[in-house]
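Novice: In case you want the letters, here they are:
Protein chains: 2
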Amino acid sequence: MSLEALKQTIAREIGTPALVVDLDVVERNIARLQAQCDAAGVKNRPHIKTHKSVRLARLQMAAGAAGITCQKLGEAEIMADAGIDDIFISYNLLGEEKIGRLGKLLQRVNVSVAADNPTVVEALSNAGWIAGRNLPVLVECDTGRKRAGVETPGEAIALARQIALTQGLSFAGLMFYAPENAVEATNRFHDEVKAALDAEGIRIKRVSTGGSPNLINLGRTPAATEHRSGTSIFNDRMQIAAGVARQEDCALTVYATVVSRAGAERGILDAGSKVFTSDTGWKLDGYGSILEHPEARVSQFAEEHGFLDLSRCNDRPKVGDIVRVIPNHVCVTVNVVGELVLVRAGAIDEVVKVEARGLVR
Amino acid sequence: MSLEALKQTIAREIGTPALVVDLDVVERNIARLQAQCDAAGVKNRPHIKTHKSVRLARLQMAAGAAGITCQKLGEAEIMADAGIDDIFISYNLLGEEKIGRLGKLLQRVNVSVAADNPTVVEALSNAGWIAGRNLPVLVECDTGRKRAGVETPGEAIALARQIALTQGLSFAGLMFYAPENAVEATNRFHDEVKAALDAEGIRIKRVSTGGSPNLINLGRTPAATEHRSGTSIFNDRMQIAAGVARQEDCALTVYATVVSRAGAERGILDAGSKVFTSDTGWKLDGYGSILEHPEARVSQFAEEHGFLDLSRCNDRPKVGDIVRVIPNHVCVTVNVVGELVLVRAGAIDEVVKVEARGLVR
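Chains as they are written, first to last, in this note's numbering: chain A, 824 to 1184; chain B, 824 to 1184.
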């Protein structure tokens, strides 16, 4: 089917804005990530926070993923319901309600978690008690991002000891989410922790690295056993800016309609911050790239309006035109919209709900 | 119940992050808006894009609202299902799928729409044909925001004529969403259009003004017949910055848990851009105000991490603390999370789904 015919089908049967996913590109991206991990000798543990979709997680598992990564307990529960049995929640879980759910999840699937402080470790203990078996815990280590993660090998060693000694828990290893320029710092951090833990007979079974931009560093951390990449399944403007994807690797575009052209140099799309969110990063100019009008600038969002600056465009869209927009950050777009139109060879294959969309807990 | 007891109930029964809405403040905000509209002699047509909740829309109607405003057809359908019969969709609707739905909606409730260009007007005609009765259309006029809306009275007059002549449509009036400093421009725009249309016997029945920051201008547009205010039901940091709300008028706070304190001067909340989105505006500093730690700065978001800069805090939160955060922009937060914990006098009244959350079409 031609692109124009697909646009008309979407306008007639689905409406805009619509998140349209090219399955051929998705499958190519999944295969590429798997091949990259295979070549580096690490397990592929894709982060499903990007797509939050059972169908896409199953595609990743079928392509060779050893398990998946989730950021929220609610995501993990959905994926466990779908039959995925090896789930890493790369997050500090805390609070009575969550620990109860975590315990129940551990009863039925192999779930592991991260922790970066003693309070969380202490709380996690109860999940193992509820499940009747040990919960594997990785110590989250920070080598420069200044997000979560202990800052020093000494803290990591102390936390590993605490985990090893805590009823209901087993120490599983180290988790890193390093900045792209911190490979050496990560390796030094790991080696120092390992030397100390080896001496105490505490074994590091897993060393988990993460990030799609960090795919450029795959294979440079000899101790790594697995990698967590989320965004690479779809890619977006930020991944292009990070140098890890090209435009043709972007599997998801937002189909939006030009609904207003009140001025000669400007227009309005029927998609704003309630579709794209306002995320920006990597010094991106504007909020999206329009494939049909590369000189157009998505200059601003209202909640349901995407402002187009057309001053640099020779060929300008008219009211009623449907255009395809690559978002700045695809993960948040998928999360807010919650529905994906899967297409193959230009025809609609299936419209799927994003089962774990908006699950904040 | 004490605040601390409420926090513990939420941690035990619901978990964080949670969007907690104080019903007493909501009812005060609803009553204040109604009183402001009454005093100005205009109908109150609250914009439900902020809460997207049937229960809250019914509270607004019960307090005296003449009808509601929606930005999306999907929102209007949900509200029609809930029995609300006077719905204005303040948006250019376009595309075969939408026009079909609009026609069906017009069959069962009193719905009106906005339009700012001939292509949309032509498309809308079919909705009236489907419904078997005329669709009232307001011409959207721009007096400085440069979003949607015709830029000149001449264009508004031409569009009003087109609507009046189009089968299936009736011309209903003018819609403005003016910048806060454009009262005079709005009045001049209206008067010029009215003079021309009067001469042709085309009657302006409705003049709709909008915006919560524009509540300061209520009563200053003599021709106005109704006002659309959305955010004032909850308020947020942007409304405070705009000078139309105080902190105690903020009905919604995000309860979030401090899950990491990896450095002395920093911490991490379990809520990031997938709860708050990255919206900012009115030159706000950071991404939220923490009621318990006003000196703390919500400096950055990852998808599920809220970065806290605690360098200016004397009293710093510890891991496990639950804090209340006023978001920058409450509308997008409600839309992405989709669940509200309604409380009264510190006790949970009801947990409600945001029925129209994420409805992008």
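Any given hint could be a false lead.
In this list, chains with the same sequence are indistinguishable; a pair is considered to hold if it fits within one copy or across any two.
With a Cα cut of at most 27 angstroms, we get these calculated DSSO-like pairs of lysine-lysine [what the hints assert, rightly or not]:
1) K969 x K1141
2) K1141 x K1106
3) K1176 x K1141
4) K1017 x K969
5) K866 x K1017
6) K969 x K1176
7) K1106 x K1028
8) K1017 x K927
9) K969 x K927
10) K969 x K1106
11) K927 x K1106
12) K1028 x K1017
13) K1141 x K866
14) K1176 x K1106
15) K969 x K866
16) K1028 x K1141
17) K1176 x K927
18) K1106 x K1017
19) K866 x K1106
20) K1028 x K1176
21) K927 x K1028
I should point out that these hints are in silico values taken from the structure, not numbers from a laboratory.
Novice: Evaluate each hint against the coordinates.
Specialist: We went through each hint and held it up to the structure:
1. K969 x K1141: Between copies only: 17 angstroms across chains, 46 angstroms inside a chain, cut-off 27 angstroms.
2. K1141 x K1106: neither (29 angstroms within a copy, 33 angstroms between copies)
3. K1176 x K1141: neither (31 angstroms within a copy, 38 angstroms between copies)
4. K1017 x K969: within (22 angstroms within a copy, 60 angstroms between copies)
5. K866 x K1017: Within one copy only: 20 angstroms inside a chain, 70 angstroms across chains, cut-off 27 angstroms.
6. K969 x K1176: neither (34 angstroms within a copy, 35 angstroms between copies)
7. K1106 x K1028: neither (38 angstroms within a copy, 48 angstroms between copies)
8. K1017 x K927: So K1017 and K927 fail the 27 angstroms test inside a copy (32 angstroms) and across (67 angstroms) alike.
9. K969 x K927: neither (32 angstroms within a copy, 53 angstroms between copies)
10. K969 x K1106: This pair counts as both: shortest intra-copy Cα distance 20 angstroms, inter-copy 25 angstroms.
11. K927 x K1106: For K927 and K1106, the Cα distance exceeds 27 angstroms both inside one copy (43 angstroms) and across copies (45 angstroms).
12. K1028 x K1017: Within. Shortest intra-copy distance 11 angstroms satisfies the 27 angstroms Cα cut-off; inter-copy 77 angstroms does not.
13. K1141 x K866: Classified as neither: same-chain Cα gap 48 angstroms, cross-chain 35 angstroms, threshold 27 angstroms.
14. K1176 x K1106: Neither. Shortest intra-copy (32 angstroms) and inter-copy (36 angstroms) distances fail the 27 angstroms Cα cut-off.
15. K969 x K866: For K969 and K866, only the intra-copy Cα distance (26 angstroms) is at most 27 angstroms; the inter-copy one is 51 angstroms.
16. K1028 x K1141: Classified as neither; 58 angstroms inside a copy, 30 angstroms across copies.
17. K1176 x K927: both (25 angstroms within a copy, 25 angstroms between copies)
18. K1106 x K1017: Classified as neither: same-chain Cα gap 37 angstroms, cross-chain 47 angstroms, threshold 27 angstroms.
19. K866 x K1106: Neither: 32 angstroms inside a copy, 45 angstroms across copies.
20. K1028 x K1176: Close neither inside one copy (36 angstroms) nor across copies (42 angstroms); limit 27 angstroms.
21. K927 x K1028: Within one copy, since 24 angstroms is at most 27 angstroms while 60 angstroms is not.
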